[in-house]
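Visitor: As a plain string of letters, each chain reads:
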Amino acid sequence: MHTYTGTLALEAPLERVYRFITAAADVGPCMPDVASVDVKDDTHFQARVRVGVGPVRGSFDLSAAIVPDGEGKSAALEVRGGGMGSGVDIASELQLAEVAPGSTELRWEARVTISGPLAALGARLIDGQAKRITAQLFDNIEARIRQLSEGGPREVEG
Amino acid sequence: MALETTELRPLGKSIKRKEDARLVRGQGRFLDDIKLPRMLYLALVRSPYAHARIVGIDTARARALPGVHLVLTGEDLAKLNLAWMPTLAGDKQMVLATDKVLFQYQEVAAVIADTRALAEDGAALVEVTYDPLPVVVDPRRALEPDAPVLRDDREQRDNHIFHWEVGERAATDEALRASAVVVKESIRMPRVHPAPVEPCGCIADYDGAMGKLTWYVTSQAPHAHRTVLAMVAGLPEHKIHVISPDVGGGFGNKVPVFPGYVAAIVGSISLGRPVKWVETRTENLTSTNFARDYFMDVELGADDKGRVTALKVTTVADHGAFDAAADPTKYPAGLFSIVTGSYDFPTAFAEVDAAYTNKAPGGIAYRCSFRVTEASFLIERAMNSLALKLGVDPADLRFQNFIGSDRFPYDSPLGWTYDSGNYAATLNRALDMIDYRALRQEQAERRARGEFMGIGISTFTEIVGAGPSQSFDILGIKMFDSCEIRVHPTGKVIARLGTRHQGQGHETTFAQIIAEELGLSTEDVLVEEGDTDTAPYGLGTYASRSTPTAGGAAALAARRVRDKGRKIAAHLLEVSDDEVEWDGQRFYAAGAPEHAVSMAEVSLAAYTNLPAGMEPGLEATFYYDPPNLTFPNGAYVAVVDIDKGTGEAKVRRFVAVDDCGTVINPMVVEGQIHGGLTEGFAIAFMQEIAFDEDGNCLAPNFTEYLVPTAVEAPKWETDRTVTPSPHHPIGAKGVGESPNVGSPAAFANAVMDALSPLGVTNLDIPLFPWKIWEVLRQHGVTE
Numbered sequence: 001m002h003t004y005t006g007t008l009a010l011e012a013p014l015e016r017v018y019r020f021i022t023a024a025a026d027v028g029p030c031m032p033d034v035a036s037v038d039v040k041d042d043t044h045f046q047a048r049v050r051v052g053v054g055p056v057r058g059s060f061d062l063s064a065a066i067v068p069d070g071e072g073k074s075a076a077l078e079v080r081g082g083g084m085g086s087g088v089d090i091a092s093e094l095q096l097a098e099v100a101p102g103s104t105e106l107r108w109e110a111r112v113t114i115s116g117p118l119a120a121l122g123a124r125l126i127d128g129q130a131k132r133i134t135a136q137l138f139d140n141i142e143a144r145i146r147q148l149s150e151g152g153p154r155e156v157e158g
Numbered sequence: 001m002a003l004e005t006t007e008l009r010p011l012g013k014s015i016k017r018k019e020d021a022r023l024v025r026g027q028g029r030f031l032d033d034i035k036l037p038r039m040l041y042l043a044l045v046r047s048p049y050a051h052a053r054i055v056g057i058d059t060a061r062a063r064a065l066p067g068v069h070l071v072l073t074g075e076d077l078a079k080l081n082l083a084w085m086p087t088l089a090g091d092k093q094m095v096l097a098t099d100k101v102l103f104q105y106q107e108v109a110a111v112i113a114d115t116r117a118l119a120e121d122g123a124a125l126v127e128v129t130y131d132p133l134p135v136v137v138d139p140r141r142a143l144e145p146d147a148p149v150l151r152d153d154r155e156q157r158d159n160h161i162f163h164w165e166v167g168e169r170a171a172t173d174e175a176l177r178a179s180a181v182v183v184k185e186s187i188r189m190p191r192v193h194p195a196p197v198e199p200c201g202c203i204a205d206y207d208g209a210m211g212k213l214t215w216y217v218t219s220q221a222p223h224a225h226r227t228v229l230a231m232v233a234g235l236p237e238h239k240i241h242v243i244s245p246d247v248g249g250g251f252g253n254k255v256p257v258f259p260g261y262v263a264a265i266v267g268s269i270s271l272g273r274p275v276k277w278v279e280t281r282t283e284n285l286t287s288t289n290f291a292r293d294y295f296m297d298v299e300l301g302a303d304d305k306g307r308v309t310a311l312k313v314t315t316v317a318d319h320g321a322f323d324a325a326a327d328p329t330k331y332p333a334g335l336f337s338i339v340t341g342s343y344d345f346p347t348a349f350a351e352v353d354a355a356y357t358n359k360a361p362g363g364i365a366y367r368c369s370f371r372v373t374e375a376s377f378l379i380e381r382a383m384n385s386l387a388l389k390l391g392v393d394p395a396d397l398r399f400q401n402f403i404g405s406d407r408f409p410y411d412s413p414l415g416w417t418y419d420s421g422n423y424a425a426t427l428n429r430a431l432d433m434i435d436y437r438a439l440r441q442e443q444a445e446r447r448a449r450g451e452f453m454g455i456g457i458s459t460f461t462e463i464v465g466a467g468p469s470q471s472f473d474i475l476g477i478k479m480f481d482s483c484e485i486r487v488h489p490t491g492k493v494i495a496r497l498g499t500r501h502q503g504q505g506h507e508t509t510f511a512q513i514i515a516e517e518l519g520l521s522t523e524d525v526l527v528e529e530g531d532t533d534t535a536p537y538g539l540g541t542y543a544s545r546s547t548p549t550a551g552g553a554a555a556l557a558a559r560r561v562r563d564k565g566r567k568i569a570a571h572l573l574e575v576s577d578d579e580v581e582w583d584g585q586r587f588y589a590a591g592a593p594e595h596a597v598s599m600a601e602v603s604l605a606a607y608t609n610l611p612a613g614m615e616p617g618l619e620a621t622f623y624y625d626p627p628n629l630t631f632p633n634g635a636y637v638a639v640v641d642i643d644k645g646t647g648e649a650k651v652r653r654f655v656a657v658d659d660c661g662t663v664i665n666p667m668v669v670e671g672q673i674h675g676g677l678t679e680g681f682a683i684a685f686m687q688e689i690a691f692d693e694d695g696n697c698l699a700p701n702f703t704e705y706l707v708p709t710a711v712e713a714p715k716w717e718t719d720r721t722v723t724p725s726p727h728h729p730i731g732a733k734g735v736g737e738s739p740n741v742g743s744p745a746a747f748a749n750a751v752m753d754a755l756s757p758l759g760v761t762n763l764d765i766p767l768f769p770w771k772i773w774e775v776l777r778q779h780g781v782t783e
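Protein sequences, first through last, are from chains A and W. Last residue of the first sequence: number 158 in our numbering, and the count goes up by one each step with no gaps. Last residue of the second sequence: number 783 in our numbering, and the count goes up by one each step with no gaps.
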């Protein structure tokens with residue numbers, strides 16, 4: 001299991017950030033290297049993402065569930081799935097704090113477990129790749145919130 | 001055309017291997033060379049998780065793929081009472097998982113299709129939903145009271161498999177307390193894999209009209225496989241025809257029955273077509289049987305003069321998810337009790353506790369006779385530590401403590417009766433070959449210059465030839481072996497044995513034994529193995545048992561033929577039976593050597609000119625139940641130089657002197673030793689089936705699990721001493737596994753010797769350069 005953390009400084013009110021990170025329709029498209037997203041309900045979505053670690057290239061089918069705390073301060077994002085005979089589990093905690101009116105700090109921690117041939121084939125690469133992919137998710141969330149704040153386009157980086 | 005002949009009296013001669021004529025031309029017939037009409041292919045769906053509940057298996061997309069004929073799950077097999085199968089150790093193992101998976105790469109479903117590619121594609125379409133569970137990869141953690149219980153199917157609510165002990169615990173503890181010196185080490189023998197060049201596989205071909213299954217399988221033990229299959233599948237044993245074609249290495253990996261075998265058989269019976277399953281390299285390394293994985297704590301006592309006083313060993317054994325170890329029933333920890341080695345211990349005690357973990361099942365004897373490598377590694381490493389603690393030369397310490405050549409047969413404190421040996425002579429030969437005293441002088445000079453040069457010694461004793469029927473069986477079947485000899489009218493012989501070679505050279509060496517006994521050349525003798533419809537029942541080839549068991553059977557069956565031949569010769573020579581002499585090549589009338597007949601002449605007479613009342617033909621079968629095991633031994637010396645910049649231990653020289661008793665073919669023995677030493681070198685320096693904390697196998701291919709080539713392997717310098725086994729028909733002991741058993745300790749001892757000026761006495765193998773470099777760095781001596 002690999003644990004990654006990060007902090008985002010978002011120029012958006014805490015309430016808006018909370019609404020974003022607890023909405024499957026908003027978070028789903030932020031998945032890195034996403035090929036397709038199927039939003040099941042407000043807090044559940046499925047996504048197909050492209051994966052490449054070392055010589056292994058393919059796609060993962062992921063199921064994601066968002067668990068809001070109901071108090072507008074934090075949420076959990078649980079992603080599970082796999083492909084190519086491998087599995088991935090991501091358990092994320094997202095903590096929000098208002099640092100100034102209209103500015104929100106998002107602290108995230110993701111515990112990533114990769115199983116199967118992918119973990120072994122890319123044994124020397126997997127940590128860096130998992131960290132990059134995980135960070136990309138939150139970078140995409142940051143970019144998307146910034147775009148929304150600026151009234152920009154709906155796409156985020158893949 | 002004249003038939004090719006070799007010289008008579010072939011025993012002990014370096015005759016070229018008969019099987020190589022086809023093998024080096026690429027004309028061997030291995031399993032994957034066999035293609036039957038209408039044959040289908042099987043691929044397995046495997047778990048990515050080391051421990052997980054199976055929530056659901058959706059096979060719809062796989063079944064819908066054109067070209068897919070059948071998808072099997074554990075539920076399908078459960079309806080046939082085949083979801084689980086017995087293991088050789090008396091445990092049971094899932095064939096295809098039903099409720100949960102217990103190790104990564106465990107078999108979950110099987111897909112059978114027109115081609116292998118389609119089967120693989122179909123397997124990729126099987127959707128399995130898992131709910132991961134806590135993973136246990138360390139057997140010591142598995143035995144803690146709060147460890148997750150892995151095997152839900154057992155009534156016993158922990159991960160403990162067995163406790164086994166031998167020797168005198170109290171007496172050993174007392175002797176250790178009274179010892180002037182006691183060394184303690186924790187010695188780890190990591191999980192490794194035999195990694196034969198050819199992985200495991202089978203073709204199941206069920207003939208519904210005849211009700212007969214023909215099963216081509218990469219098997220080291222065809223008859224045992226047939227019996228196990230009859231027991232597992234409920235098929236009549238006489239309607240199972242097992243054919244083990246040319247086998248590309250086994251080293252223990254091809255002894256057990258694997259889930260892929262059962263799935264292929266069920267598929268063939270279900271579909272009425274042949275079904276082939278051949279595992280990939282990754283499947284071989286990750287799911288078919290591993291070896292070793294022992295955690296051993298040793299206490300070795302000595303008096304102030306360096307005489308050993310007591311040995312105590314406490315071991316935790318990792319057996320993986322199912323206890324599928326291939327050990328004789330009476331010995332769940334194999335022959336680990338050979339752990340007192342070549343030394344005269346007054347008392348000793350050893351115990352082993354085995355545990356389940358979320359790792360692949362197994363515990364086979366990778367080129368070693370049932371846990372003998374673990375035992376040998378432990379005692380040879382411990383003797384090295386004792387020498388360091390006493391500040392004495394490790395060779396001198398060994399000479400001081402060897403079992404004397406006048407002590408045989410020797411009763412060890414852990415219950416074995418060693419047959420023969422001359423350990424001092426063997427070590428002396430090795431030391432002479434390597435010029436040991438000069439090397440020690442050179443080492444002193446290099447140390448003075450700050451260099452790290454090491455000399456490692458291993459003087460091991462093996463225990464092979466399982467085994468005597470009073471104490472050795474597999475699933476209740478006694479571990480005898482057999483040979484049937486048919487001499488045809490022109491004096492040519494077909495011999496069939498219950499063993500199955502995988503590169504050992506049986507087609508040559510067994511021919512040499514029989515030819516020697518019958519006065520023929522090896523070219524007159526055709527050796528056949530691996531076909532249960534023709535060969536007599538035997539327990540197979542592993543654990544260096546073929547020569548001690550089937551080799552004995554071959555000699556004794558040939559003597560039966562010769563005994564009948566003597567009667568025929570008397571008839572031809574017109575003398576009485578007791579007036580016939582045998583000179584190794586001919587029968588002759590006593591006192592008249594010129595009045596003689598050859599075995600060829602006798603053979604013709606057996607079909608054309610018999611004494612009155614004699615049954616025609618010239619055949620014999622012998623089932624040989626050895627009276628004792630055999631105890632090959634050897635003295636190995638390694639010299640290493642450690643690169644202070646990289647941490648690499650470069651093997652400068654390696655001398656191996658083996659004593660395997662009577663040598664049948666020196667060239668074949670030499671080849672066996674070269675191969676085993678190369679494997680031992682790999683185990684010492686580069687091989688481990690390692691896992692991360694999530695149970696991911698970190699060595700699932702040859703980029704991570706390294707196999708040395710001729711480029712990496714040191715130059716081997718070999719010689720032999722000969723101390724025949726007094727109870728074996730030709731005095732042979734077996735040799736295939738000795739170099740793998742004895743050499744890892746020599747390498748490790750050499751590295752510890754090199755690092756001893758830094759106070760280092762033990763590092764876990766494999767001794768990767770980074771591991772040695774880290775020690776050098778900690779002591780500030782890297783370049």
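Worth flagging that the hints you see were computed from the coordinates, not collected in a lab. Some hints here could point you the wrong way.
Residues from chain A that face chain W, not an exhaustive set, calculated with beta carbons under 7 Å [said to hold, decoys possible]:
hint, residue
1, M1
2, G85
3, G87
4, A91
5, T113
6, A119
7, A135
Virtual Cβ for every residue (Gly too), placed ideally from N, Cα, C.
Visitor: For every hint, state whether the structure bears it out.
Guide: Hint check:
1. For M1 (chain A), the interface hint holds, the least distance from its beta-carbon to any beta-carbon of chain W being 6 Å, beneath 7 Å.
2. Of the supplied interface hints, the one on G85 (chain A) holds, with its beta-carbon coming within about 6 Å of a beta-carbon of chain W, less than 7 Å.
3. Among the interface hints, the one on G87 (chain A) holds; its C-beta lies about 4 Å from the nearest C-beta in chain W, closer than the 7 Å criterion.
4. A cut of 7 Å between beta carbons decides the hint on A91 (chain A): the least distance to chain W is about 11 Å, and the hint is violated.
5. With 7 Å as the threshold, the beta carbon of T113 (chain A) comes within range of chain W, its nearest partner Cβ sitting at about 6 Å, so the hint holds.
6. Contact between A119 (chain A) and chain W, as hinted, is supported at the beta carbon level, the nearest pair being about 4 Å apart and thus within 7 Å.
7. Taken as an interface hint, A135 (chain A) does not check out: its beta carbon lies about 21 Å from the nearest beta carbon of chain W, beyond 7 Å.
Comparing the model with each earlier hint shows violations of hints 4 and 7; every other hint is respected.
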